[in-house]
Amino acid sequence: MPGGGRGRGGSGGSTGSKGSSSVSISSSYGGKSFSSGFGGGRPFSIPAGQVFAGRLTGGGTRDQIYGTQRYGSGYTYSDRGSFVTGRGFPFGFWPIYAFPIAYYGNREYGPWHNSSRPGRNMSWTQVTSSSWSQQAQKRGLLERQQITNNATAPYYLIGDYDSLVAVSDLLRSDCNATVGGVIDYNPDQNAIPPEEFLQYYRSSSFALTLSSYWDPANSVNNQPASNDSALTTVPDVPIPPGTDLNFLDCLNSTIGNNLPVMDAAVMTRVQATVFAQLALFWVILSMIGLV
1 MPGGGRGRGG
11 SGGSTGSKGS
21 SSVSISSSYG
31 GKSFSSGFGG
41 GRPFSIPAGQ
51 VFAGRLTGGG
61 TRDQIYGTQR
71 YGSGYTYSDR
81 GSFVTGRGFP
91 FGFWPIYAFP
101 IAYYGNREYG
111 PWHNSSRPGR
121 NMSWTQVTSS
131 SWSQQAQKRG
141 LLERQQITNN
151 ATAPYYLIGD
161 YDSLVAVSDL
171 LRSDCNATVG
181 GVIDYNPDQN
191 AIPPEEFLQY
201 YRSSSFALTL
211 SSYWDPANSV
221 NNQPASNDSA
231 LTTVPDVPIP
241 PGTDLNFLDC
251 LNSTIGNNLP
261 VMDAAVMTRV
271 QATVFAQLAL
281 FWVILSMIGL
291 V
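Quick note on this note's numbering: the sequence shown kicks off at 1 and runs consecutively.
Honestly, the hints are just simulated from the structure, not real lab data. The structure displayed is predicted, hence computed values, not measured ones. We put the beta carbon where it would ideally sit given N, CA and C, even for glycine. Don't take every hint at face value.
[Stated by the list, open to error] The calculated label-pair distances, taken between Cβ atoms and stated as ranges, are: (1) 246 x 51: 35 to 45 Å; (2) 53 x 242: 17 to 27 Å; (3) 115 x 225: 26 to 36 Å; (4) 235 x 45: 32 to 42 Å; (5) 230 x 115: 16 to 26 Å; (6) 102 x 230: 12 to 22 Å; (7) 234 x 101: 15 to 25 Å; (8) 41 x 130: 36 to 46 Å; (9) 176 x 111: 33 to 43 Å; (10) 51 x 231: 23 to 33 Å; (11) 49 x 151: 44 to 54 Å; (12) 150 x 222: 20 to 30 Å; (13) 238 x 176: 23 to 33 Å; (14) 176 x 149: 14 to 24 Å.
Using the sequences and the hints given, assemble the complete structure.
See the structure below:
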């Protein structure tokens, strides 16, 4: 996030809660659980017959969840290039499908209502501070206006439906935020410009945007020509003056601390018994001098 701070985001002030709770995520990865825990574990290949079969998924950890303000950031695998095309899913989620045009290779993750998307449909919601005036809070998702006051410019969250639901209540309780209803996000009808994206999370599968922010470095015209091309040299712009940095920091840290991630594989009782027996076997062999 422009301006530095915690996990490429935040600028001091309050911090969001951190915990570990199981989250119900619609996913075709059979037997895999998701939570607000640490994640990690060994990545595995998506089985044959599933969407994106053969790609790696899982293994991403909570402390790797922050990307930057650039789409395609935040990957934990050593994949080459700057595009999201052909890449794995370190946290178990696909990159967001948020733009109506080809942007950093995003088209393979559409459409917005793809039934195979982990977490269900692409969705969004508006976030404002409960301490702002009623007029500032009433700006609707479908009535995006020219911003005249940076201090009360609405934020928007974009991601899969299940993840948005998972963090909404925490933003209300931890940040005194007013969070709108979670609704479908169809980029072909009402897309947020890429220039307004302030922070990506979880290998670009979730994002925080700010309606007063405008970063030309994120424009379609400044994206690399190909996956092998260098990123733009256009400098990023700072957070707009007058922005409530304490509120922004709370949003950023609460999202980062609580977004669902794929859990590390849990050892079953049978596996644990086998490993314990093997360990005991090697101890006995070493005691009698055979190893």
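Evaluated hints:
1. 246 x 51: 35 to 45 Å: holds, 41 Å
2. 53 x 242: 17 to 27 Å: violated, 49 Å
3. 115 x 225: 26 to 36 Å: holds, 33 Å
4. 235 x 45: 32 to 42 Å: holds, 39 Å
5. 230 x 115: 16 to 26 Å: Distance hint for residue 230, residue 115 is violated at roughly 36 Å.
6. 102 x 230: 12 to 22 Å: Given about 18 Å between the Cβ atoms, the range holds.
7. 234 x 101: 15 to 25 Å: Because 18 Å falls inside the window, the suggested range holds.
8. 41 x 130: 36 to 46 Å: Taking Cβ atoms as reference, residue 41 and residue 130 lie about 38 Å apart, which means the hint holds.
9. 176 x 111: 33 to 43 Å: Distance hint for residue 176, residue 111 holds at roughly 36 Å.
10. 51 x 231: 23 to 33 Å: holds, 28 Å
11. 49 x 151: 44 to 54 Å: Holds, at about 52 Å.
12. 150 x 222: 20 to 30 Å: Since the Cβ atoms of residue 150 and residue 222 sit about 23 Å apart, the hinted range of 20 to 30 Å holds.
13. 238 x 176: 23 to 33 Å: About 25 Å separates the Cβ atoms of residue 238 and residue 176, which means 23 to 33 Å holds.
14. 176 x 149: 14 to 24 Å: For residue 149 against residue 176, whose Cβ atoms are near 19 Å apart, the range 14 to 24 Å holds.
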